[in-house]
Amino acid sequence: MGQTPKPATGATGVPALEVNHVSHSYGKRKALDDVSFVVETGSFSVLLGLNGAGKSTLFSLITRLYATRHGTIRIFGHDVTRDSGEALRRLGVVFQARTLDPDLSVLQNITYHAALHGIGPHEAKRRSEDVLAQVSLADRMADRVRNLSGGQMRRVEIARALLHRPPILLLDEPTVGLDVKARADIVAHVRGLVENQGIGVLWTTHLIDEIAMTDDVIILHKGVVLANGPAAEIIATSGAADMRLAFAKLTGTELD
Amino acid sequence: MTATTPELGRPAIARGFTSAQYWICLQGIVWRESLRFLHQRERFISALVRPLVWLFIFAAGFRSVLGVSIIPPYQTYILYPVYITPGLMAMIQLFNGMQSSLSMVYDRELGNMRTLLVSPFPRWYLLTSKLLAGTVVSILQVYAYLIVAYFWGIEPPSLWGYATVFPALVLSGLMFGALGMLLSSLIKQLENFAGVMNFVIFPMFFASSALYPLWRVQQGSPWLATVCWFNPFTHAVELIRFAFWQQITPLSLAVCLGCTLLFLAAAIIAYDPARGMLIRRGE
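So the sequence lines, in the order shown, correspond to chains U and D.
All residue numbers for the first sequence refer to this note's numbering, where the first residue is 1 and numbers rise by one.
All residue numbers for the second sequence refer to this note's numbering, where the first residue is 1001 and numbers rise by one.
Next comes chain D alone, as it looks inside the complex (with noise of 0.2 Å):
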């Protein structure tokens, strides 16, 4: 705090806020997205099945078909349900990216949003703040989901595996999350959400190295596996991955931070009523 401005006979408001204020702000805003998700018993419920349907029966029909060769990180022939849970647990964090923009669409409708965005707070750091609220709860998700696959026998290989893999989920959940809040920019009213399933979630979970290595994709189809390269998604899955087996891969690593701070940087304009769409349309 810096100066005090006397307002008309009240007690005088301090200028600017202080770290603790911030604090406080950053603390509020995940703890009500963490309420809101702990109070959608469906939302949790279909975030866990989700993926344990693709592992215990998708995972488990394609383990005699697909066989998968001795590739980084790992140093052994894997089983299918251990390759493809790297993929499940970015599915998880993508679904949830996509699950915040939806309810950002929501609350702008509803007029919720408008609570958050008349906050004294700069906009940047209101959005920022939801975005790691966001991804608070996709790791939460994840975490839940590797309980259940640790019981199928799906596990890293030391228990560090769990803790060198959640800087890697903060960064991939920060990633997805800072994309949601992008698309709910450009996205008008709720009913337009359907085309995100169409155009976003499901073109960018199968053109990636979440279901099969690059190679064989490669072998398929090279141009599939150059569109697989460039999509974020396999960079997220590829992190997870090596992080998950306590390895890094830097490249996967600069793509999904370059990635996250394009993102919000794009959501941030998107959302400032100088420059953003909102403004465009009138909204």
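Here chain U stands alone, though its shape is the one from the complex (with noise of 0.2 Å):
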């Protein structure tokens, strides 16, 4: 696939994500309390919380799963309440759960999430050439879904979310459950898009390896934005040798 230049970080000034004091709660349980960062295009951005912190609460507004009633929430300067099918129109989602069809095959399914953003059958199995070829998986376009690996599952749905060439991505706990050579691949596949495709990137996960310090962290724990910058600068501030150690500093959490 011919890779799109990279694009000047900020050309025009509008974030790529941009979460304005956003809150939200379960009942009483408060879930997300007064949530803000900015995703910028061309960037790796981590969002960084162990289990229960309300990264997929975010996740889940972000996405327009759930409604936001506090704050705001804007992709490329569209409202996700407001104006939710520009909004979504420019977002690639792979969630957590696995979300394929085990049923169909690879191509049935890319071609379902094509229609879903109005791409019809030709110029989807055009761009599934493409996307599927980006992750190394040309050859598996018509196997069924339930004869892939769980790394190659996920790899498909990091292809589906590219199909429809959104300039950012986001990415919830995408390497959970699959073993350390999967985990390698697909980190390194995700960042070769930022690098050669600028696409911003919002990934989210409770694994410390997985953060370069060239990235742009938001430690969230407790529904709370602790911290907020580049990796190395969190550390920094932090006074700890490590991000693992200013993570435990930060959320006074001991970790093994």
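I should point out that these hints are in silico values taken from the structure, not numbers from a laboratory.
Being a predicted model, the structure only gives us computed values, none of them experimental.
Among the hints, erroneous ones may be present.
[Claimed, not checked] For each label pair, taking beta carbons as the anchor points, the in silico distance ranges come out as:
#1 U:Ala184 <-> D:Ser1046: 44 to 50 Å
#2 D:Tyr1125 <-> U:Leu245: 49 to 55 Å
#3 D:Ser1034 <-> U:Asn147: 18 to 24 Å
#4 D:Gln1040 <-> U:Ser136: 26 to 32 Å
[Stated by the list, open to error] Negatives, chain D to chain U, calculated, CB over 12 Å:
#5 Ile1024
#6 Trp1229
#7 Pro1250
[As the list claims (entries may be wrong)] Coverage of chain U stretches by chain D, computed from C-beta distances (three or more under 8 Å per stretch; other residues unrestricted):
#8 57 to 67
#9 100 to 109
The C-beta atom is built at its ideal place from N, Cα and C for all residues, glycine as well.
Combine both chains into one complex, guided by the hints.
Next comes the structure, spelled out in structure tokens:
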């Protein structure tokens, strides 16, 4: 596939994703409390937090599975609540749970996703060849999804999320349940998308070893943003030796 | 398309969708539901066997016990299997509607539903498309049943009956699909689906004109006849019965139309992230 030239970050001054003072509660339990951060285009941003930190809630708000009642979320300037269609069409999403239909083939799954973005079957097939080649699965197009490994399924989901050529990609704990090699492959592939295609990425995880020093990191703990900035800066500010210790210090948790 | 918005060095993304893109979306959803149905052979077979068991065993056993007098739309005495066929056609669609509901709960638990809900098309359009897809599948099942029933000697007064029943099947399929969609928004877990069988499918089917005419129910139990009369399933059965006989019953048409709109509106509200029940449950 021909690679899209990397755009100048912030060329139009509009962030890829802008979360402003977002709060969310389940009944009396507050899951997110005044969360704000920005993801720039062409950047790899990591939303880091332990299980129960509020990452998945935030993810559901950004993708409009839940309604944003307090605060605003904008994707390339389009409000997710008021202008959801325009916001969502600029967004590629990989959910933590598997969302492929195991009874359908890889191509059928991708064609279905294409239809949900208004892309016809012929164009979908052409684009499928491109995106599947990117994740080294072009030869598995006709295979049923249930015959793929966990890592391959995840790669298909990433390929599917890229089909409508979104300028920002959200991935919710995409490496959960994968072996070491599959994890490394997926992390490397998504980093390549940022590097070569200038896509903005928001990667949620609880695995600190997936963070690189050049990443922007948002540390979310019990629904509150504790730190937000380049990884190296967070480490320096916290006075810790590395991100692992910085995270432990900021959240007051003991890591094994 | 009205305007374009440049996206940071990427090709401009046109604002809004064209009518052709709406059509592609609808086709894609119908195609996927149909493929899933064809891949699930057990579902197809059970959808066909269930009404055939009623036709071959129940109706055969009762044909000598239950006599059906001349009631509209029939202009002569008819055999009991002929009488219950519209009820069985509606039963196929009711089961399919509930099956769709089950699959939506299943998809929600597994996460597949999210793929649909994060599409940039309006949510009402996505849900209506899914409803239409389920209706297409239910109509395929009904016609498969009618082919078998034909060889059992059950047929409309003329072949046109197969065509005139089609719009009635579309409407009843939409009504049961919308009801299933509404129920799916209320059911939190897959395990709760057994309750749907006990509290929705069986009461709707038995308290209706599917198995016996309402005048006979009236003779046995006037209050049950009233329940049957208010049951939307009764009106779906009568709509199909009359349409199969190339006639129309305005009351049943109005009830089915009204219930479809009501159930669909309630389902769309329930699946709306700002107003629906999903958000209140924190799913």
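Here is how each hint holds up against the structure:
{"no.": "1", "hint": "U:Ala184 <-> D:Ser1046: 44 to 50 Å", "in the structure": "45 Å, holds"}
{"no.": "2", "hint": "D:Tyr1125 <-> U:Leu245: 49 to 55 Å", "in the structure": "50 Å, holds"}
{"no.": "3", "hint": "D:Ser1034 <-> U:Asn147: 18 to 24 Å", "in the structure": "22 Å, holds"}
{"no.": "4", "hint": "D:Gln1040 <-> U:Ser136: 26 to 32 Å", "in the structure": "31 Å, holds"}
{"no.": "5", "hint": "Ile1024", "in the structure": "5 Å, violated"}
{"no.": "6", "hint": "Trp1229", "in the structure": "40 Å, holds"}
{"no.": "7", "hint": "Pro1250", "in the structure": "37 Å, holds"}
{"no.": "8", "hint": "57 to 67", "in the structure": "holds (count 5)"}
{"no.": "9", "hint": "100 to 109", "in the structure": "holds (count 5)"}
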